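As a plain string of letters, each chain reads:
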Amino acid sequence: MFDKKEVADILGIALQNGGEFADVFIEHKATNSITCEENKIEDINSGIDFGAGIRVISGMTTAYAYTNDLSLGNLKQVALTVSKAVQSQKHTLQLDLRHLKPGYHLPVEMMPEQVKIREKVEQVKLANEVARAVDGRIHQVMVGFGDVVQNILIANSEGHWVEDERVRSRFTVQTIASQGNKMQTGYESYGGFMGSELFKQRSPEDIAREASRRALLMLDAKPAPVGKMMVVMDSVAGGTMVHEACGHGLEADLVQKGVSIYAGKKGQKVASSLVTVVDDGTIPQRYGSYHFDDEGIMGQKNILIRNGILEGYMYDRMTARQDNVRPTGNGRRQSFQYRPIPRMTNTSIAPGEMDPKEIVKATSKGILVKKMGGGQVNTVNGDFVFEVSEGYLIENGEITVPVRGATLTGNGPKVLQKIDMVGNDSGFFIGTCGKDGQGVPVSASQPTMRITEMLVGGTEQ
Amino acid sequence: MGKDMTYAERIVEIGKEIGADNTEAYIYWHKDLSIQIRSKEVESLKSAEQRGVGIRILKDGKRGFAYTSDMREDSIKKTVQKSLDNSRENEPDEVLSFPLPAAEYPQLDLYDPEIAQIPVDRKIEIAKEIEARTLQQDKRIKQLERAVFEDREYRITIANGHGLAKSYHGSSCGAFAYAIGDLNGEQQTGFGMDYAKRFRDLNIDEVAKEAAWRATQLLGAKSQKTQKAVIVFDPYIATNFLGLVSPGLSADAVQKGRSLFAGKLNQQVASLEFSLVDDGRLPQGIVSAPFDDEGVPTSETILIDSGKLNSYLYDTYTAKKDGTVSTGNGIRGSFKGGPHVGTTNLFIKPGKISRTELLQDIKNGFYVLEVMGMHTANPISGDFSLGAAGLWIENGQLTYGVREVAIAGNILDLLQHIDGVADDLRFFGGTGSPTLRIAQMMVSGS
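Sequence order for the protein chains is A and B.
In terms of our numbering, the first sequence is residues 1164 to 1624.
In terms of our numbering, the second sequence is residues 802 to 1247.
Don't read these hints as lab results, they were simulated from the structure.
Be aware that a few hints might be false.
[Unchecked claim] Each pair of labels, with its calculated beta carbon distance range:
(1) B:ASP1106 <-> A:LYS1391: 49 to 59 Å
(2) A:ASN1344 <-> B:GLU1007: 24 to 34 Å
(3) A:GLY1560 <-> B:GLY1124: 37 to 47 Å
[Unchecked claim] BS3-like, lysine-lysine: derived pairs with alpha carbons at most 27 Å apart:
(4) A:LYS1598 <-> A:LYS1429
(5) B:LYS863 <-> B:LYS841
(6) B:LYS878 <-> B:LYS940
(7) A:LYS1429 <-> A:LYS1520
(8) A:LYS1420 <-> B:LYS924
(9) B:LYS1121 <-> A:LYS1391
(10) B:LYS1023 <-> A:LYS1391
(11) A:LYS1420 <-> B:LYS1121
(12) A:LYS1598 <-> B:LYS878
(13) A:LYS1288 <-> B:LYS1150
(14) B:LYS863 <-> B:LYS1026
(15) B:LYS1057 <-> A:LYS1345
(16) B:LYS878 <-> B:LYS817
(17) B:LYS1057 <-> B:LYS863
(18) A:LYS1420 <-> B:LYS878
[Stated by the list, open to error] So these bits of chain B aren't anywhere near chain A, every CB distance computed over 10 Å:
(19) GLY820
(20) ASP822
(21) SER848
(22) THR880
(23) GLU892
(24) GLN938
(25) GLY964
(26) GLU987
(27) THR990
(28) PRO1048
(29) ASN1067
(30) GLN1085
(31) GLY1124
(32) ILE1163
(33) ARG1204
(34) ILE1208
Just so you know, these numbers come straight off a predicted model, no measurement behind them.
Note that CB positions come from ideal geometry on N, CA and C, so glycine has one too.
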């Protein structure tokens, strides 16, 4: 619907008062979401988000404006608004926009619109029934399904024209088990850069059973102990720790602002030599993948920490300019309403060599984390916290009783130094990561590994 | 106003034409400006204008929903149709209804014309001033991560097939500083914020003072031995904990068996010191409005009165289910979803003693300034376990900084143990609290 010549004109207006760079981001996003609660379908919601953002960069200043009136006249008006934020030399821009093609393909088997909403509703109802059938103590079940088809067009003053289509689906089940006055929740989700093939890849029944199993297990769990102890993270635990403990601190904007504990540590040892951390936006079917980032830079596999040595940060265009490096394909925005900032995609700690069973066996006393919940980090000092949604005690190399209500508190660099065993397996989790009020889909993964000491904040009296 | 009401009434009409029993249009229009300063330079200037519509349809006792921000006639028609199509896949629910027009709505002064009249250049100067004043507060503040001035103008328009057709226009402005304290290379951050309905009420001096104070208190902080101590919550931390209390006060959570407060009406759920109020018509309240997001007049609801559970919050649906009337708490996150029970201006009533008096008889205590992992707390069980940082209290005085400790417990238990409420009520956006003192809790550290 947009002509290259018209878009080039808009960019020309945006830069008419000067500035080194301008881009236009146009987004059309079609979403469906279905939720089930109280044994009935609670909500079926379909939506269209449609709008454009125009940005001008001049020195360290970014001017950004967005609108959802996409008439040519209005877009030119918006371009004029951002141009006024810059007052350097007047100039005219002659642009011949060139269409860039992606270097890899993220396949989607079945586009969301190929499956009727009715069939998706049936899958949601099925998960609800299965979760309840697991045990009479499951007294509340919440099932959610959502799919998104996001089409974006980016054109910039470097003459690039990029189009990308991102297709993502996600299925979640949350259950509440209760017995007497005890109440516990269980959660399981699955999703990725995929369409309705999600239902084939992992059945809603399976997700539902897992959520119920977890809630029931926690009902029988005893309160977690309090104090410093050894922690074994199972590979299926997810990747909240790598995401929180080092991912955020390696985003270049935080580094440049001096609010990251990893600032100025390039080439230094920041983790145990067993630790290699990678952020990779090119992995097929992973939730955080794309062909191009939201600034038109192709996704990349970036090694952030190699064998404990800090190799590099994650950059968008703005921060890459400041460090005089190439952007790493990590410039992301939640929607046309936001300017891009450096973000993670699919972040992982690379697998090592040990048999995961041996790691448990070698641990005389500690906590085994089988599933992590949410987390948070203070990037300035590296302190982080995350919850354990499924945990067990390890006693004399054996997994013994389940424990509930634990959170693990630590300091990113200190914890990464304390990893003394790394397994040869790998597991991942998906989620929405929030930063500066913007949420973007991400995944994180890790092998089974052992941390010699962390603070466990439990509720044991 | 004319334009949005024309859209809304047209949508209700289209719904009728294609066979809906009732159609509701909720239109949100806003215009924003946000200026972010760093090192005396404009780091970003953002301006925005957006309009979107959420369309709820009732058909054969079933509900459908769809939204669009593409306001062209063709897209709007498709969205009304999509909403009707979605209703077909839903299950019938006889409780569903849209509110009737009310006889009276509160009169509120929500719009300050001064905000729109101030030129952008002046707003840039204000943001720079926030940065400069924060830097002047303390030698240990060498830089800010950012200083922000922002404002918003908005209009909400609702129409439904019962003839309800209402609209209101408002504005707000905010100042924000995020300072970095530095002591021999060790860094801590701290924020200061103020939001106001009127430009003349915005206090940037307080923002600067607060940011500098928060960014310097934890410099040099160390962990603390595990021990029992009296806990004091800074107002900001107390509002964080309200996020754990408020979900259980929604009638929706009660009806779905997801509330900590189910079946406890008229019971003592908190200490005598504690009263909690939701007031959607609070003068100068940042989220005050004449009606909620489905068109029901807002009201003041005393939720907890001196510890006694007095009421839940209701929207039209949950009220009908309980045979009562809506409290005007049908809230939408945005035009992209239907209304759900939510809070408006939610605050803990201030007490009669000053903060100094609240602290003075504490021999050994922990004044909590930061918590981490609040979103991991469980609003259904009420269990929380948080990383915390703050100041140690000795003989009534705030002394040295403490970090890398954890506090854990259950919110119901905590409410029963609030034994002091100061008179310093403060709002952080739509939630407010004074300083709170809680009888002993375990602080886990080294």
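We went through each hint and held it up to the structure:
Checked against the hint of 49 to 59 Å, the C-beta distance between B:ASP1106 and A:LYS1391 comes to roughly 43 Å, which is inconsistent with it. Here the CB-CB span from A:ASN1344 to B:GLU1007 is close to 44 Å, at odds with the stated 24 to 34 Å. At about 60 Å, the beta-carbon gap between A:GLY1560 and B:GLY1124 misses the expected band of 37 to 47 Å. At roughly 23 Å between alpha-carbon atoms, A:LYS1598 and A:LYS1429 fall within 27 Å of each other, so this suggested pair holds.
For the suggested pair B:LYS863 and B:LYS841, the alpha carbons sit about 56 Å apart, so the restraint of at most 27 Å is broken. Taken as a hint, the B:LYS878 and B:LYS940 pair is broken in the structure, with Cα atoms around 60 Å apart against an allowance of 27 Å. For the suggested pair A:LYS1429 and A:LYS1520, the alpha carbons sit about 34 Å apart, so the restraint of at most 27 Å is broken. A threshold of 27 Å between alpha carbons decides the hint, and for A:LYS1420 with B:LYS924 the separation of about 23 Å falls inside it, so the pair holds.
For the proposed pair B:LYS1121 and A:LYS1391, the alpha carbon gap of about 51 Å is over 27 Å, so the pair is violated. A hinted pair counts as satisfied when its Cα atoms are at most 27 Å apart, and B:LYS1023 with A:LYS1391 qualifies at roughly 16 Å. This hinted pair does not check out: A:LYS1420 and B:LYS1121 have alpha carbons roughly 53 Å apart, beyond 27 Å. With a C-alpha separation of about 36 Å, the suggested pair A:LYS1598 and B:LYS878 falls outside the 27 Å cut-off, and the hint is violated.
Distance restraint check for A:LYS1288 and B:LYS1150: the Cα-Cα separation of roughly 43 Å exceeds the 27 Å cut-off, and the hinted pair is therefore not satisfied. With a C-alpha separation of about 58 Å, the suggested pair B:LYS863 and B:LYS1026 falls outside the 27 Å cut-off, and the hint is violated. Between the alpha carbons of B:LYS1057 and A:LYS1345 the distance comes to roughly 17 Å, so the proposed pair stays at or under 27 Å and holds. Under the criterion of a C-alpha separation no larger than 27 Å, the hint pairing B:LYS878 with B:LYS817 is consistent with the structure, at around 12 Å.
Among the hinted pairs, B:LYS1057 with B:LYS863 is consistent with the structure: their alpha-carbon atoms are about 19 Å apart, no more than 27 Å. Of the pairs offered as hints, the one joining A:LYS1420 and B:LYS878 is violated, with about 48 Å between alpha carbons and a cut-off of 27 Å exceeded. With a closest Cβ-Cβ approach of about 18 Å to chain A, B:GLY820 is found to remain outside the 10 Å limit, as its non-interface label requires. No beta-carbon of chain A is positioned within 10 Å of the beta-carbon of B:ASP822; the least distance is around 17 Å.
The claim that B:SER848 lies off the interface is violated: its Cβ sits roughly 5 Å from the closest Cβ of chain A, which falls inside the 10 Å cut-off. Non-interface status of B:THR880 relative to chain A is broken: a Cβ of that chain comes within 10 Å, the nearest being about 7 Å off. Look at B:GLU892: its CB is around 5 Å from the nearest CB on chain A, not clear of 10 Å, so calling it non-interface is violated. The beta carbon of B:GLN938 sits about 18 Å from the closest Cβ of chain A, which is more than 10 Å, so the claim that it is off the interface holds.
Non-interface call for B:GLY964 relative to chain A: holds, since the shortest CB-CB distance, roughly 26 Å, exceeds 10 Å. With a least beta-carbon separation of about 8 Å from chain A, B:GLU987 fails to lie farther than 10 Å from that chain, contradicting its non-interface assignment. The beta carbon of B:THR990 is not kept farther than 10 Å from every beta carbon of chain A, the shortest such distance being approximately 5 Å. Look at B:PRO1048: its CB is around 13 Å from the nearest CB on chain A, clear of 10 Å, so calling it non-interface holds up.
For B:ASN1067, the non-interface assignment is confirmed: its Cβ lies about 20 Å from the closest Cβ of chain A, beyond the 10 Å cut-off. Listed as outside the interface, B:GLN1085 is consistent with that label: its C-beta sits roughly 24 Å from the nearest C-beta of chain A, beyond the 10 Å cut-off. In this structure B:GLY1124 is separated from chain A by more than 10 Å, as the shortest Cβ-Cβ distance comes to about 18 Å. At roughly 23 Å, the least C-beta separation between B:ILE1163 and chain A is larger than 10 Å, which holds for a residue marked as non-interface.
Residue placement check: B:ARG1204 does not keep its beta carbon more than 10 Å from all beta carbons of chain A (closest about 7 Å). At the 10 Å boundary, the C-beta of B:ILE1208 falls inside the reach of chain A, the nearest C-beta of that chain being 8 Å off.
When each numbered hint is compared with the structure, violations occur for hints 1, 2, 3, 5, 6, 7, 9, 11, 12, 13, 14, 18, 21, 22, 23, 26, 27, 33, 34.
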